[in-house]
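**Student:** First to last, the sequence lines map onto chains C and V.
Letter by letter, the first sequence follows residues 19 to 325 of our numbering.
Letter by letter, the second sequence follows residues 4 to 260 of our numbering.
No lab work stands behind these hints: they were computed from the structure.
Careful, some of the hints might be misleading.
Stretch-level coverage of chain C by chain V, calculated; a stretch enters the list once three of its residues show a Cβ under 8 Å from a Cβ in chain V [as the list claims (entries may be wrong)]:
| id | segment |
| --- | --- |
| 1 | 64-71 |
| 2 | 122-133 |
Straight-line distance between alpha carbons at most 27 Å, and here's what the computed DSSO-like set of lysine-lysine pairs gives [stated by the list, open to error]:
| id | chain 1 | residue 1 | chain 2 | residue 2 |
| --- | --- | --- | --- | --- |
| 3 | C | K147 | V | K14 |
| 4 | V | K253 | V | K29 |
| 5 | V | K29 | V | K91 |
| 6 | V | K29 | C | K147 |
Remember, it's a predicted structure, so these values are computed and weren't measured experimentally.
Even for Gly, the Cβ is constructed at its ideal location relative to N, Cα and C.
Given next are the chains, with one letter for each unit.
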Amino acid sequence: MTCALKITNLHKTYKNGFVALRGVDLYVEQGDFFALLGPNGAGKSTVIGIITSLINKTDGQVSIYGHDIDNHFAEAKSCIGVLPQEFNFNVWEPIEEILVNQAGYYGIERREAYRRSELRLRQLALWEKHQEIARNLSGGMKRRMMIARALMHNPQLLILDEPTAGVDIENRRTMWDFLTQLNRQGVTIILTTHYLEEAENLCRSVAIIDQGRVIEHTSTRTLINRLGSETFVLDLEERVTAPPRLDCHAVRVIDGSTLEVDIDKGVGISNLFATLTHMGIKVLSMRNKTNRLEQLFMQLVDNRKQP
Amino acid sequence: MNASEQWIAFKTIVIKEFLRFIRIWKQTLLPPMITTSLYFIIFGNLIGGRIGQMEGYRYVDFIAPGLILMTVITQSYSNTVTSFFLAKFQRHIEELMVSPTPDYIIIFGYAGGGIIRGIIVGLAVTIVSMFFTRFSVHNLTVLISTAILTATLFALAGIINGVYAKTFDDISIIPTFILTPLTYLGGIFYSISLLPEFWQGISLANPILYMINAFRYSFIGITDISLWASYGIILVSIIVMYGYATYLVKTGHGIRS
Numbered sequence: 019m020t021c022a023l024k025i026t027n028l029h030k031t032y033k034n035g036f037v038a039l040r041g042v043d044l045y046v047e048q049g050d051f052f053a054l055l056g057p058n059g060a061g062k063s064t065v066i067g068i069i070t071s072l073i074n075k076t077d078g079q080v081s082i083y084g085h086d087i088d089n090h091f092a093e094a095k096s097c098i099g100v101l102p103q104e105f106n107f108n109v110w111e112p113i114e115e116i117l118v119n120q121a122g123y124y125g126i127e128r129r130e131a132y133r134r135s136e137l138r139l140r141q142l143a144l145w146e147k148h149q150e151i152a153r154n155l156s157g158g159m160k161r162r163m164m165i166a167r168a169l170m171h172n173p174q175l176l177i178l179d180e181p182t183a184g185v186d187i188e189n190r191r192t193m194w195d196f197l198t199q200l201n202r203q204g205v206t207i208i209l210t211t212h213y214l215e216e217a218e219n220l221c222r223s224v225a226i227i228d229q230g231r232v233i234e235h236t237s238t239r240t241l242i243n244r245l246g247s248e249t250f251v252l253d254l255e256e257r258v259t260a261p262p263r264l265d266c267h268a269v270r271v272i273d274g275s276t277l278e279v280d281i282d283k284g285v286g287i288s289n290l291f292a293t294l295t296h297m298g299i300k301v302l303s304m305r306n307k308t309n310r311l312e313q314l315f316m317q318l319v320d321n322r323k324q325p
Numbered sequence: 004m005n006a007s008e009q010w011i012a013f014k015t016i017v018i019k020e021f022l023r024f025i026r027i028w029k030q031t032l033l034p035p036m037i038t039t040s041l042y043f044i045i046f047g048n049l050i051g052g053r054i055g056q057m058e059g060y061r062y063v064d065f066i067a068p069g070l071i072l073m074t075v076i077t078q079s080y081s082n083t084v085t086s087f088f089l090a091k092f093q094r095h096i097e098e099l100m101v102s103p104t105p106d107y108i109i110i111f112g113y114a115g116g117g118i119i120r121g122i123i124v125g126l127a128v129t130i131v132s133m134f135f136t137r138f139s140v141h142n143l144t145v146l147i148s149t150a151i152l153t154a155t156l157f158a159l160a161g162i163i164n165g166v167y168a169k170t171f172d173d174i175s176i177i178p179t180f181i182l183t184p185l186t187y188l189g190g191i192f193y194s195i196s197l198l199p200e201f202w203q204g205i206s207l208a209n210p211i212l213y214m215i216n217a218f219r220y221s222f223i224g225i226t227d228i229s230l231w232a233s234y235g236i237i238l239v240s241i242i243v244m245y246g247y248a249t250y251l252v253k254t255g256h257g258i259r260s
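Extracted from the complex, chain V is given alone in its bound form (with noise of 0.2 Å):
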């Protein structure tokens, strides 16, 4: 296949990707704008208004940059985490096995699907937290950069476990049991400062960490942690990711007999 004939094969990869989460809008969409609604209702405005500021900012301004990354974290993961498990499951993952799209363009394209679900369910949390907060922007090229490599990370960790995945249950697991741990203790609710210096330490191990501090950065301008550090996190992370994910494909894990 020459640049052009893998360019379309991407693209196609990727309006297919598309289509199907927006054909299922009730399930891929509204659900996270409704659960982000309530974070803010409740940790913002019920119970924000007593714990009073955080770093020097009201609580639910604090908290949103975090509860918008976390939308784009579980949107891109659970994207490619399904969609690549149902065309296992289905066994439509064949229409692209027996074609000669390279394995390389597989990953973009199913990654790319992640990500722009990702992007686009993170684009409504945060019209929706404009209802609740004082929005502000800090750093507009932080804020798209960290938001596209936080969702290129988790769309291709998605992928990863969808290669493993060979139940329904295979698909929850990670996500249930340590994504969203590692989201809520990466620093959304709460500033690390306020740690004891041994659980300081223990969250720096924290990749999700870093990525919430970029983010809030955007918004803010606070961070507890170095920008640079995180940038590094994320890309170190993206390319051990793709590297796996790729040899996954390349040597047919749970796909080829």
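The following block holds chain C by itself, in its conformation from the complex (with noise of 0.2 Å):
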């Protein structure tokens, strides 16, 4: 399988002293739907700064497809498409013209120009808003519109640093259903989240970054199955006063109505279902506490900040 990024033990201190990235290495292959997870300050802007040319590396290669960043810029620029953080356009000026201009600056004719940005904001919902000034539109819609800015030259690889933060449910569902149809037609995506739902979700492959390391690099599925319990949350029928007795889990009661139960991987829930009815406690919902890639992620981030 082709490279889309390449890592190789990026160091980046900077100029105040603060080093923010000790040696990461990073591989990415093509068509991956890829998440950087990290806690704030772990470093992962700053490797999406390198990778984007924003911020200088004090060492280490990066390449892109094949492409050194420091020796054939252009030919890695030219595979990256990328959605920032913070939104980073011009806010006077239309909509339109805000795609047509990011298509000229990887030497797309201006014709091609205006039909691309037809193509990508109907593709968003944004068409009808094509003249307005960016100024004027949502938050949502500022994000979605920073998608198809960062398609308008067709990228390989998407790098997409926190693309939901301040979406709504619906237009992130939206916005996840695009990106997953857009993977599908082959186009490497790497994403940050804080919504760890979202990296579960969409993502084939993760890489936990903290304080400058990579912590963790494997496949979302072999870091889920090592997850050693879930916690579940159970709506009841009727209330309770004390938790029920179960031989392998861990019970508590969180109000009368409502039971967390720990169960341990391997051990299934079928037999907690039947001791519960046979204890005549009636099940009327059921569902994970927390997202399991957040569970481990706390884990992993717990574990490295004992002593």
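Fit the two chains together into the complex; they arrive one by one in their own frames, and the hints show the way.
**Tutor:** Below you can see the structure in the form of structure tokens.
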């Protein structure tokens, strides 16, 4: 499989002496949907900044589709589309103009740029607003406009730095569908997000970065399989006064009609339901207390904090 | 990027810049026309009548080329400094930085926008001047070349200021405290032959003097300075400014962390 992104021994020390990256190694396969996760200040945005040449690296190599960013910067940049975390467009320009200009920076003729901007704006349900100045768009629309802008030159690698931050649930799901479709068409996607549900649902591979180092780099499935136990929340039909005694599971009463049950991996939940039914406790609904990836993420990051 | 793609990228930046200042024409085109009209009314007609002739020409005809060139200088400079600083401030300079557009195309594009604004506003002010002066052109080639080269030089200088600027104050310090005094002392309103010898020598260190004299020559055929010296100073200054602007953008000064 061709490598979409290869980062080797990446270091970054800012002028104020802050060491943001301490030898990051990453490998993203072509066609992958890759999550780059980490707590605030872990170094995710620095990695993205270096890939997109907005931040100068201190040391290390970065190659995009085989193009080294130091020696073949134009070829490397042509492969990337970027959606940064913060809005970075001229708020006084009409959105169609922003898109057409972006295409122009990649050497795309104006007529073709107008055609592509219409296509992308229609795909992202923004065509009605194409003459509107960017300032007048809602937060969600601005994000979608930025996705459209990042796609103007049909990049092979799309880097999304918290694309759904501040976006409502409906728009987030529409965006997920769009990104999934894009990935199916062959676009490699790197996603950073604080919504771990998003990463779990969308991404096939994941890397967790903390304190400037990659602490985990594997497939999402492998990572989730490492989870020792999951906590479920059960909504009951009738109130209980004390937690029911369940041999294999730790149980807590949250309020009278809600239980929290820890279920070890491999034990299965059929026994739990059978036991509860035998006790006369009827379960109305069940859900994960936290997203599985979130639980793992917290474990990994917490482990590193402990001396 | 091949040459054709670079040309498209250059055109894109120039068109973007052009549309930017046209969109805000009330701030960019109208004020210099009003200000220059006031200069002509006050210095040309009201006070100029009492001054009499300068180097054998009516005072208003003598100052007109300098006033036009002053507009070209300030407009080309303010276009690039404002636009570049705002691009940094709103972070949309990143649109360009993440693209494969080479650094020199970014410089050419922004400078191109500044030159176009300088020339357009210069033309508008020239039209205004026709209502107050006996308009004549002595040498059209010198007129066009001096205007374009001067606009190029100050558009590049504006980019450098824009790269360094961190606040809105920083984009007005150079125009207020350096550019305006140098322009006023560059012989717009007087011939340096009127100055004592010591001050004539000092004036020769002012590069704007050379530009104004070359430009005045193109209108009325007189100059205090050799035309070749003027072209030499302007061209050398352009090369220095271009080299420095390219260095700043290439190293990402004030743009990349």
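**Student:** Determine for every hint whether it applies to the structure shown.
**Tutor:** Structure-based check of all given hints:
no.: 1; hint: 64-71; verdict: holds (count 3)
no.: 2; hint: 122-133; verdict: holds (count 7)
no.: 3; hint: C/K147 to V/K14; verdict: holds (25 Å)
no.: 4; hint: V/K253 to V/K29; verdict: violated (34 Å)
no.: 5; hint: V/K29 to V/K91; verdict: holds (23 Å)
no.: 6; hint: V/K29 to C/K147; verdict: holds (26 Å)
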